[in-house]
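Number of protein chains: 2
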Amino acid sequence: MEKGPPLELVDTHLSEYSYIGGHLPTQADRAVLNAVCVPSDRSNTFPNLRRWAAHMESFTRSEMQAFPPHTESCKMDNQLSDLVNKQLNTDAAASNKSPVNDKAGNHSKGSQNEKAGGQSKGKGKSGKFVLKTAKGTRDYGPMEMAYRREVFSVIYSVFHMHGAVQIETPVFELKDVLTGKYGEDSKLIYDLEDQGGEILSLRYDLTVPFARYVAMNKIDNIKRYHVARVYRRDSPAMTRGRYREFYQCDFDIAGQFDPMIPDAECVQLVDQVLSKLGLGEFTIKINHRKILDGVFGSCGVPSDKFRPICSAVDKLDKSPWEEVRKEMVDEKGLDEEVADKIGNYVKFSGKEELLETLANDELLKSSPSAQAGFADLKLLFQYCKSLGCADHLVFDMGLARGLDYYTGVIYEAVLTAGQNIGEEGPVGSVAGGGRYDGLVGMFDPKKKTVPCVGLSFGIERLFTIYEHKMRAENNKVRATQTEVFVVTACKGMVHERLKLLGLLHQAGIKAEGSYKNNAKILNQLQYAEDNKIPLVVLIGESEVEAGVVKIRDTVTREETTIKREELAETVRQKLACL
Amino acid sequence: MEKGPPLELVDTHLSEYSYIGGHLPTQADRAVLNAVCVPSDRSNTFPNLRRWAAHMESFTRSEMQAFPPHTESCKMDNQLSDLVNKQLNTDAAASNKSPVNDKAGNHSKGSQNEKAGGQSKGKGKSGKFVLKTAKGTRDYGPMEMAYRREVFSVIYSVFHMHGAVQIETPVFELKDVLTGKYGEDSKLIYDLEDQGGEILSLRYDLTVPFARYVAMNKIDNIKRYHVARVYRRDSPAMTRGRYREFYQCDFDIAGQFDPMIPDAECVQLVDQVLSKLGLGEFTIKINHRKILDGVFGSCGVPSDKFRPICSAVDKLDKSPWEEVRKEMVDEKGLDEEVADKIGNYVKFSGKEELLETLANDELLKSSPSAQAGFADLKLLFQYCKSLGCADHLVFDMGLARGLDYYTGVIYEAVLTAGQNIGEEGPVGSVAGGGRYDGLVGMFDPKKKTVPCVGLSFGIERLFTIYEHKMRAENNKVRATQTEVFVVTACKGMVHERLKLLGLLHQAGIKAEGSYKNNAKILNQLQYAEDNKIPLVVLIGESEVEAGVVKIRDTVTREETTIKREELAETVRQKLACL
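Just so you know, the sequences run in chain order A and B. The first sequence begins at 11 in the working numbering and counts up one residue at a time. The second sequence begins at 11 in the working numbering and counts up one residue at a time.
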């Protein structure tokens, strides 16, 4: 791209796609950004290009270097495609010459002196203020929020179907509340500065605050949902959708109840949400911590190594057995033959029958822990059949879940086909949870506990997949819900426009008009078309005199003239027919 | 209350009211808490009493001492009322003897050494872990969330009626983004600890992040709403509804448009939200920074004192003129006669005619600033009349608004009658905003700005008033939306119950059942009544055999037997008739 691509071409492409390569940033974005000169004026030219370029500014150079390579995963104009490939080749040649500097990646541990020295962080090399969001965070724009509202509305409707109540807890907790709950992940907790007063930390998940809430309010039983953002000072991988601030969407049932009834409801709820979102085939894997403990015990794992070995098994969904075995033996000091015995079990995966087979396994027959787990899962399968949600259920001995606090049934839902996003491959787990009967007791002065079972949706992933699917189906969600755009045909009619707006709002109709005193009629009609506002209400001087208005269908461009007093009713009828 | 009140009595009272005195905590809560022995077991006895007592635990003793005095602002059983008054007298006598210790009020500035010494903060004197939320924050329980959802749903519907898009920004920003925007209130900003990396702060409001978003994305125009919690390290006054973490609900229009059209839309939107919420009479006060500046200039205030004097005027809604004058003269060094001249103007308040009168005022006639302001407000009045939202509009020369960044029209909505909450007196301001044309430019490298006008609802106050009104009207909101409770009449029918639940959910009906294997029928029916679930679907062995189910109306207790395959349809019909 010795000569940059025509701006129109890029702008048109970006009116359809978030990035040059489609749905996720790739090296193509870097290449094009280097090649184009983005108009810096505030004119209305190339809005998509400018939106994209501004978004690109929020990445550091090292983040951009880490973008995955470009492959054409979306439709692209041939000319643009050629130009992108040429530029990528030029870049590749150039990168062998000059070292790349991280333009804002100042992540060294800062001392108090540095801070006192003038708040250099968050400013660029030149000391100039860098306009960006904090590392690992981002803004959600209007379109993202529109997709989000749709996903949330499905999830909320299922929560309400199950009679769940909603709670909210503060974004920060006393640090002591979080201490000792997350094992080595505690280092990822954000602390607030000690400005005099209590020592506070941002919440790391919603489960620990929920347990604190239940214990503090001495609640015996509650079925609640909680949707909120949580904070982890992790290495962000924004192109893979891993952020430092992200939503969690939790549903939990606390209370002393008969075995497996609440657990089955959690499985049913996952099944219902994923079915309703229509994101394609999925599987709900289940396992049981008591079965895993039984296997570990029977194979000869010392009991103090149950949790570390469980963590190793948890990596099976990302790593092959050989690597997991290596971790067990080399890092966690397990005997090779013990590891091999475990390997024989964790490979099993199947339907209900497998439970019976393994319950009669020579080694596991004598493990009371494993037998208790098998009994639970058999009952769970039966309940799920009665609830009509057993079809997607798979018993998977390799499922372990990372968190220490699980004590019983564990489950994880994975999308199994057709949900690759760009170059990222299959999205994998979209929901997970299990039973944690000990957590509330950690907050109770007398260690009395309330048994809990719950689940958390990987809501950021669901958003991404849903948005991807909607775009793929050309099923565009609008950022606004405006039904009517009020258009005035000539000058000096701003008051008439406002009167109609007042009238339509009074009738509960979503209506907008231009903010210009004497807006040009074509610009107004264009606005309605661009924003997919279905109806236009049009008045000129003759309409005002005659006490009528014109209604225009934005798509068919059909116009009808009606009496002013029939406006609201006619609009309602037309909207109902769309 | 030498002898404590019977627990039943208190529990019954608290089933109706949040606090002993009604809607807000008072000294009566402290008195009763000292007198009763709250059952600490996990039995199901006195749930309301236990909920209240747990909530009381979240206050420190000094916070409880600051509760307002008790007056009977709610209906109270005579026996309870007598007991409360007796106990209050006993307490008053006792308090003359013993000093009161603050049980958790350790607010001294902590040094690094203290922290290293074992995180004493957040633990009680004994070093025991204190189970509480962070100072100035609280959990929102199921009922509060239910009221909140209703208020939000009204506000969102109005936002969507105006075609606003939604955005979200991160909860923390680079500290530099917030620096220099809030004047002396900057000391109230929460900083995050420097854990290596960027220097971050929690957002203080939603306006500055919005301006950062507009500048960073080089947006020319946007009409957006944003609802989220913000953070201020202020002295909390929780009984007055002032918290350190609280919701803001903002609507803003950014863009270069013709004068007063977006400003009028903001006024219209406030009018619509307050009308729809039905919280009683309200007034929308308006004024203009240019008028105030014109008055200050004409009266002889030096221009560098415009903003401090404006801040003083802002206090007129809480303090009498004499105090405001004192602040101007003693603290801000204004000449007495200049202050008196200002006093002559800021007392004016009236309808549109007043604009004309003051525009012809001898002194102000020669102030171009004041004249520009009057012209804007005249146009605003006219636009509001066309929009049908001028009835509540009042031009108030005493309205100043605290924030420095306003540059044009300012407004504030106040509830004017019938909205006293307990002993707190009138709630006052419930929405406010104005034009701020310079803020976005503070973030642009070339200082190019985008004019903005917007407003923020005092949503926490609106929640409180709405909840109060609903309770006063005995118009109870349910925490859940469950429509059907599935009841099994005898043992061994859990699978039948689950099948019906699966069937009802499949049909989109909100249904729950007991988590007990063999739940007692009376307990199940009682649960449905207690939770106001309108319909019960009942099956026993004979119903299963005959392929029928019974539907019972929870209120009338009428029962109908229908065929199982007609269940979903019949339930839908019955729900539609409720």
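Please note: incorrect hints may appear among the correct ones.
The list cannot tell twin chains apart, which means a pair is met if one copy fits it or any two copies do.
Said to hold, decoys possible - Keeping only pairs whose Cα atoms sit at most 27 angstroms apart, straight-line, the calculated DSSO-like set for lysine-lysine is:
no.	residue 1	residue 2
1	K530	K361
2	K509	K328
3	K395	K509
4	K509	K361
5	K501	K542
6	K395	K560
Simulated from the structure, these hints should not be mistaken for lab results.
A quick look at each hint next to the structure:
Within a single copy, K530 and K361 get their C-alpha atoms no closer than 66 angstroms, and across copies no closer than 34 angstroms, so neither meets the 27 angstroms cut-off. For the identical chains of this complex, K509 and K328 are neighbours neither inside a copy (62 angstroms) nor across copies (37 angstroms), given an alpha-carbon limit of 27 angstroms. With identical chains, the CA atoms of K395 and K509 are at most 27 angstroms apart between copies only, with a shortest distance of 8 angstroms across copies and 59 angstroms within one. For a Cα distance limit of 27 angstroms, the shortest separation of K509 from K361 across copies, 21 angstroms, qualifies, whereas the shortest one inside one copy, 65 angstroms, does not.
Proximity of K501 to K542 under the C-alpha cut-off of 27 angstroms is restricted to the intra-copy arrangement: shortest distance 25 angstroms within a copy versus 58 angstroms between copies. Within a single copy, K395 and K560 get their C-alpha atoms only as close as 57 angstroms, which misses the 27 angstroms cut-off; across copies the closest is 23 angstroms, which meets it.
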